[in-house]
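Trainee: The primary structure of each chain is shown beneath.
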Amino acid sequence: MQITLGELAKLVEGTIVRGAEDAVYMGLSALTDALPDEVSFFGNPKYADDLSKTKAGVVLIPEMEVNAPESVALIRVSNPTSAFERVVHHYAAPKRPFVPGVHPSAVVAEDVSFNPDKVCISPNVVIESGVSIGDGTFIGAGSVISIGTKIGRDCQIKHNVTICEGTIIGDRVIIFGGVVIGSDGYGYQLVDGKYQKIDQLGIVRIGDDVEIGANSTVDRARFGETVIGEGTKIDNLVQIGHNCVIGKHCLFVAMVGVAGSTRVGDYCIFGAQVGVAGHLLLEDHVTVAARSGVINNLYSGNTYFGYPAVPMKQNLRHTMHVKRLGKFFERVRDLEAKVAKLDGSESNEDASAGKPD
Amino acid sequence: MQITLGELAKLVEGTIVRGAEDAVYMGLSALTDALPDEVSFFGNPKYADDLSKTKAGVVLIPEMEVNAPESVALIRVSNPTSAFERVVHHYAAPKRPFVPGVHPSAVVAEDVSFNPDKVCISPNVVIESGVSIGDGTFIGAGSVISIGTKIGRDCQIKHNVTICEGTIIGDRVIIFGGVVIGSDGYGYQLVDGKYQKIDQLGIVRIGDDVEIGANSTVDRARFGETVIGEGTKIDNLVQIGHNCVIGKHCLFVAMVGVAGSTRVGDYCIFGAQVGVAGHLLLEDHVTVAARSGVINNLYSGNTYFGYPAVPMKQNLRHTMHVKRLGKFFERVRDLEAKVAKLDGSESNEDASAGKPD
Amino acid sequence: MQITLGELAKLVEGTIVRGAEDAVYMGLSALTDALPDEVSFFGNPKYADDLSKTKAGVVLIPEMEVNAPESVALIRVSNPTSAFERVVHHYAAPKRPFVPGVHPSAVVAEDVSFNPDKVCISPNVVIESGVSIGDGTFIGAGSVISIGTKIGRDCQIKHNVTICEGTIIGDRVIIFGGVVIGSDGYGYQLVDGKYQKIDQLGIVRIGDDVEIGANSTVDRARFGETVIGEGTKIDNLVQIGHNCVIGKHCLFVAMVGVAGSTRVGDYCIFGAQVGVAGHLLLEDHVTVAARSGVINNLYSGNTYFGYPAVPMKQNLRHTMHVKRLGKFFERVRDLEAKVAKLDGSESNEDASAGKPD
Chain Z
1 MQITLGELAK LVEGTIVRGA EDAVYMGLSA LTDALPDEVS FFGNPKYADD LSKTKAGVVL
61 IPEMEVNAPE SVALIRVSNP TSAFERVVHH YAAPKRPFVP GVHPSAVVAE DVSFNPDKVC
121 ISPNVVIESG VSIGDGTFIG AGSVISIGTK IGRDCQIKHN VTICEGTIIG DRVIIFGGVV
181 IGSDGYGYQL VDGKYQKIDQ LGIVRIGDDV EIGANSTVDR ARFGETVIGE GTKIDNLVQI
241 GHNCVIGKHC LFVAMVGVAG STRVGDYCIF GAQVGVAGHL LLEDHVTVAA RSGVINNLYS
301 GNTYFGYPAV PMKQNLRHTM HVKRLGKFFE RVRDLEAKVA KLDGSESNED ASAGKPD
Chain R
1 MQITLGELAK LVEGTIVRGA EDAVYMGLSA LTDALPDEVS FFGNPKYADD LSKTKAGVVL
61 IPEMEVNAPE SVALIRVSNP TSAFERVVHH YAAPKRPFVP GVHPSAVVAE DVSFNPDKVC
121 ISPNVVIESG VSIGDGTFIG AGSVISIGTK IGRDCQIKHN VTICEGTIIG DRVIIFGGVV
181 IGSDGYGYQL VDGKYQKIDQ LGIVRIGDDV EIGANSTVDR ARFGETVIGE GTKIDNLVQI
241 GHNCVIGKHC LFVAMVGVAG STRVGDYCIF GAQVGVAGHL LLEDHVTVAA RSGVINNLYS
301 GNTYFGYPAV PMKQNLRHTM HVKRLGKFFE RVRDLEAKVA KLDGSESNED ASAGKPD
Chain X
1 MQITLGELAK LVEGTIVRGA EDAVYMGLSA LTDALPDEVS FFGNPKYADD LSKTKAGVVL
61 IPEMEVNAPE SVALIRVSNP TSAFERVVHH YAAPKRPFVP GVHPSAVVAE DVSFNPDKVC
121 ISPNVVIESG VSIGDGTFIG AGSVISIGTK IGRDCQIKHN VTICEGTIIG DRVIIFGGVV
181 IGSDGYGYQL VDGKYQKIDQ LGIVRIGDDV EIGANSTVDR ARFGETVIGE GTKIDNLVQI
241 GHNCVIGKHC LFVAMVGVAG STRVGDYCIF GAQVGVAGHL LLEDHVTVAA RSGVINNLYS
301 GNTYFGYPAV PMKQNLRHTM HVKRLGKFFE RVRDLEAKVA KLDGSESNED ASAGKPD
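Protein chains in written order, with my numbering: chain Z, 1 to 357; chain R, 1 to 357; chain X, 1 to 357.
Don't read these hints as lab results, they were simulated from the structure.
Treat the hints with care, since some could be wrong.
[Said to hold, decoys possible] Straight-line C-alpha distance at most 27 angstroms; calculated DSS-like pairs for lysine-lysine:
1. Lys338/R x Lys327/R
2. Lys327/R x Lys341/R
3. Lys194/Z x Lys46/R
4. Lys341/X x Lys341/Z
5. Lys197/Z x Lys118/R
[Claimed, not checked] Covered stretches of chain X (in silico footprint by chain R; criterion: 3 or more residues with CB under 8 angstroms from a CB of chain R, positions within the stretch not fixed):
6. 210 to 219
7. 331 to 337
From the three backbone atoms N, C-alpha and C, an ideal C-beta is built for every residue, glycine too.
Full structure from sequences and hints, please.
Mentor: Here's what the structure looks like:
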């Protein structure tokens, strides 16, 4: 997107209070996030402090006195919130209407249980035997729903998704493009020099209101169930191993991996690219900072960081120690010189300083 | 899954020896892995030691005296192994039967070489010209098998898989949902400020008994072949770069990445989220611990860890050094005080202690 | 591939100058990359130095005196470059011809704007309402092009790709198998103990000449646009978060993740498995070494490394400090002994040496 201040004022039917008509803006953001080439809005007096510090290029303001940084262009409108929404929708993606019915190109087994007047099955979808689908659910083009899968109400299974045999999905679940649910867990036994597959007989169970981001993978259990608790939100390219039991209302930011049989409590948060080893127990309300590697059980209410992940404070101490080393080496050299003077020997500084062991 | 002790006893036709009938269990596991809310079984006297230490909630036991922790509920059955299997199958995913034939929605080029009485081509599969497919092979819904690909016998190409031009796949290979085999290698040349694509003309060759996990990617070679050796098992979301030659019977746990042209020997093991740089030589029987970054050649029989990955012992030494720094700083401060007393000067402790350099 | 020296000589119609006829070669590479079991070629006198140091197993050479290591077999041909090309094509993947037209199994909305004589729509493609596609563009089997997407000329959208609503794609863009463009950004608000979805209303815009590797994901903006600048090349399994604005001619090697709202300048390079936090500003010509974690703004022309990523030199200094610690501990122990002698006290070495704090 590219819009000048002049065009923007016309679009929102507002008046330029401050700023050059030909200044160009390229994005839309909240007051606290906006950059100098972005448009924002001041819709509620309680954000007056955010407005006074915003870095936005232009802000849509109401019919009142406001306090914004000098550099910020201003457009006065009657309702900044709805004016901003108008801009958002001017540049927004078109919305897919929910049109119930089964596209003729879809391949749906005879015994699938669903109400074709209340479910949308898109083109080239494949739905196998024994599947049930709740009302209000959308199945996107090219998705495959395998034998015996149960899908709840008002779900959105987007495009090219693969749901393997026997998966159980709650209500209002959103599964984004390319996700694979219920692939075999990774388990082998070395027998006579060859890895023999260990049968993966279990399933995946996904709670209500879960979201799973594009191209993420959740493996079926060896026995029993891999579980994603209700309300948990998983970002793109995340891997959840077999037999993991993930609690409710957790956040897994992009590219997190959790190895098999680990249990995660409720309200846990995993920053991007975190790895969690298998067979661990993470209590409720655990936070793990981005790119950490967890190899021990973690305890409720703490924030962990590093590899191995330790409580944040402990990690910061180690980091600071390493940072201080240069200064510290100098102090030891200094000591060595003093001691050499005191005991009359030569300093060994020249021999070893600066050399790795 | 959720099952009470009473329901479990009924399901396996056993007798409760110990435990409350309304206790609830939520999973199934081996004796060594089971958690307090899980069901396990004691099927073989040689695991008596595992039984004596198990943390399982309930164990299915045979008609004999057993030694299990007090807290563990027990159900006596005539055959614990088959009783446990009954529980497993009670909760197991339905199994997909192998039904040979070509689904009418599949698009199969005229010259594809296969026996339609012995191969299963699922709905919406696309098979292009010059492909051959061995007997007993299953091609899952929505998969695309590109021009000139050769697939061996008894393979399972699951759903929404993409196999690019000219790929050669051995026998008994399993490729899980969303995998992309034979995408172009990542190679560009900067010419006049623009990256020009370097043609990727080679193929991917996959040996017998290989498994490749969901949404993993293996790039075609620039020239010649990218090779995955027989018996190698690759987990989900793994990336193998162009021209890599991976040996036999290796394990690649989830989210490992191997850059282009690296050669890996036989029986190598890569923990989750490992990265391996390009153009390296890893000998046979190399193990790389999870989350390590390999930037040098690695030698047979060793275990490596860290970034850069070094032999495990060396890495542990560095880690221990850093852990000891706090204690160590104190010792140096102590020395400084003593030396100051000895030579009559002031200690510099106050000036620099605690400050990063 | 497997070829003996004798077979190779026959294939290229050349003469063996040096080497055993039954020696076996398994790959093809440039002089500087080739390994002892690979075939290379010497096609231009300006690479004489590379030839003199090559580790290739056999080199195709012209009718002139050459200087190659003793161990390298040589085959003389009239034109080494075209002879090598013959070997490459002998082992190359078959090439997919561009055949314009719409496969009858494709599902194309009535209002899609494209010239069916100049565009190739493969089997089982789904193209929704309001899409436009430029001449010379190829859409691979199983791909889904959602409502309102604009695709330029001469693009290659490979197989099983998902393009979500409203995406704008330039000319000569290549999107590899399994990619998902325009999935929702990851944004939630915790309200009464549940994460509420923040609407993701924006789109993704992809510039000319961009490539996006297999199974990568690019999220749509919350408002406005997520942008991939022209000429930028993205490898496999990369994640670009919502509202990121990526500059021109950048390189993202495999498995890089960039969190939301970060801005990256032109000509930036990200090594494999790098993570970049959200809301950062990276100037032009920034290079980040593999596996680094970026949590601060980065400045033009520098190379960064580590987690947190710092200028390469600073990182190397810290690494060296840690490596020197063993030696250093010895020096302090030595000092303690000397000081103990000087002040007549006992050394505390025995008490604390080797113990972590």
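Trainee: Evaluate each hint against the coordinates.
Mentor: Tested hints:
no.	hint	result
1	Lys338/R x Lys327/R	17 angstroms, holds
2	Lys327/R x Lys341/R	22 angstroms, holds
3	Lys194/Z x Lys46/R	24 angstroms, holds
4	Lys341/X x Lys341/Z	14 angstroms, holds
5	Lys197/Z x Lys118/R	23 angstroms, holds
6	210 to 219	holds (count 4)
7	331 to 337	holds (count 3)
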